[in-house]
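S.K.: Spelled out, the chains give:
Protein chains: 2
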Amino acid sequence: MATPKSHLVPSRSAKRANYEPETIHSILDEALYCTISYSYENKPFSIPTAFVRYEDKIYIHGSVGSHFIRELEKGIPVCITVTLMDALVVAKSAFNHSVNYRSVVIFAQAEKVESVEDKIEAFKWLTDKIVPGSWDYLRPIKENEVRKTTALAFKIDEASAKIRSGMPVDDEEDEALPIWSGLIPLQNGRMAPLPDKFSEHMPLPAHLVGSL
Amino acid sequence: MATPKSHLVPSRSAKRANYEPETIHSILDEALYCTISYSYENKPFSIPTAFVRYEDKIYIHGSVGSHFIRELEKGIPVCITVTLMDALVVAKSAFNHSVNYRSVVIFAQAEKVESVEDKIEAFKWLTDKIVPGSWDYLRPIKENEVRKTTALAFKIDEASAKIRSGMPVDDEEDEALPIWSGLIPLQNGRMAPLPDKFSEHMPLPAHLVGSL
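So the sequences go chain by chain: A and B.
The numbering used here applies: residue 19 is where the first sequence begins, and numbers increase by one.
The numbering used here applies: residue 19 is where the second sequence begins, and numbers increase by one.
It is possible that some hints are incorrect.
Same chains, same label: a pair holds when it works inside one copy or across any pair of copies.
Unchecked claim - Lysine to any residue pairs mimicking SDA-like chemistry, simulated, CA-CA at most 20 Å apart:
no.	residue 1	residue 2
1	Lys166	Asp189
2	Lys61	Gly93
3	Lys92	Gly184
4	Lys147	Arg157
Read the hints as simulated data drawn from the structure, not as lab findings.
Generate coordinates for the entire structure from the input sequences, incorporating the hints supplied.
M.R.: So, in structure tokens, the structure goes:
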């Protein structure tokens with residue numbers, strides 16, 4: 019069994035915490051969503067949402083009417099986590115089972131992106147992260163769409179990554195047991211695009227062909 | 019762009035919240051980890067961890083020395099989220115982009131699993147979830163391993179699921195635009211097991227062959 023991956027304090031079986039921006043950025047850039055938690059009247063809430071990292075900030079967006087967004091834009095403290103699961107680590111005992119993962123935790127508070135130009139830039143980064151190269155191809159964003167959407171930025175300041183990789187670590191006295199041990203790698207990726215009824219007879223645009 | 023999936027309150031573009039236990043259970047059973055958030059001195063913390071659902075409870079485990087576990091076992095309020103990403107929803111405008119996902123949010127507090135027998139049962143469920151059928155095959159758990167590990171249960175009482183599925187929904191006036199729209203399905207699965215150096219010449223056990 020895996021011991022939990024506490025981001026707070028070193029524990030008995032702590033995986034190395036890593037504070038290198040390159041490591042933290044590479045995990046953030048690979049993840050499609052983050053989970054944002056905050057306290058409201060002393061109760062914890064957490065919500066998954068799309069995000070993009072640009073330079074030393076994370077950007078999210080949402081409806082101006084969303085309670086989540088309106089709570090966050092006050093600048094309250096949030097905890098943002100991102101988790102990538104790479105493999106199940108199968109040991110010879112349940113106790114030594116684990117998971118190969120890469121995770122990031124960020125403590126921050128939102129800064130509202132105020133100007134229309136900056137908002138549009140954040141929306142471009144968000145869209146191009148989900149479908150690289152698509153922003154310039156799409157129907158241009160409209161003024162009222164920008165107006166209806168809030169963009170929030172979070173500085174990646176107080177952040178750390180945790181990574182477990184490699185094979186299981188069994189107890190020495192278990193190593194010779196005739197029990198299979200190793201990894202079950204996990205698949206993460208994009209499959210071939212499926213057109214909707216308006217695009218059935220349309221060739222895939224180049225940026226989507228390239229994304230496979 | 020997707021509007022965020024607030025679990026708290028209906029929003030302008032709320033996806034249907036679902037409170038059916040079967041729906042909630044099926045999402046929980048498919049997910050390999052959950053993110054647990056809690057407040058500590060008014061600051062939010064969140065941590066990804068393995069879990070299993072058994073009947074109407076979720077079980078997690080961790081080192082008895084872990085600060086995370088010791089905080090949770092006090093019975094403080096937690097928010098548990100699980101997110102499965104099914105597809106990127108590519109619309110003709112950035113604004114109508116979305117994500118097909120299935121998520122669950124649970125508000126609960128931990129109950130510590132006290133007896134050795136109940137703890138072992140929880141560890142069996144956890145292990146058999148990660149690698150189905152493996153518990154009876156592995157080196158049996160030892161008394162000191164049970165002693166070193168805390169098991170916590172959370173009742174799935176205050177819980178809801180949210181699901182978005184299907185094709186993009188574009189603005190009517192955009193439908194005829196020569197812009198590709200559709201889905202990019204996301205891959206999630208297990209790949210062929212990779213043996214470690216102790217298992218290289220060992221045939222895969224039947225329960226691992228079956229898991230592919």
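S.K.: Is it within, between, both, or neither for lysine 147 and arginine 157, if the alpha carbons may be no more than 20 Å apart?
M.R.: Only inside one copy: lysine 147 and arginine 157 sit 17 Å apart there, 45 Å across copies, limit 20 Å.
S.K.: Pop the pair lysine 166 and aspartate 189 into one bin, within, between, both or neither, using alpha-carbon distances up to 20 Å.
M.R.: between (57 Å within a copy, 15 Å between copies)
S.K.: State whether the alpha carbon distance between lysine 92 and glycine 184 is at most 20 Å within one copy, between copies, both, or neither.
M.R.: neither (42 Å within a copy, 34 Å between copies)
S.K.: Evaluate lysine 61 and glycine 93 at a C-alpha cut-off of 20 Å and name the case that applies: within, between, both or neither.
M.R.: For lysine 61 and glycine 93, the Cα distance is within 20 Å both inside one copy (17 Å) and across copies (13 Å).
Hint compliance for this structure: hint 3 alone is broken.
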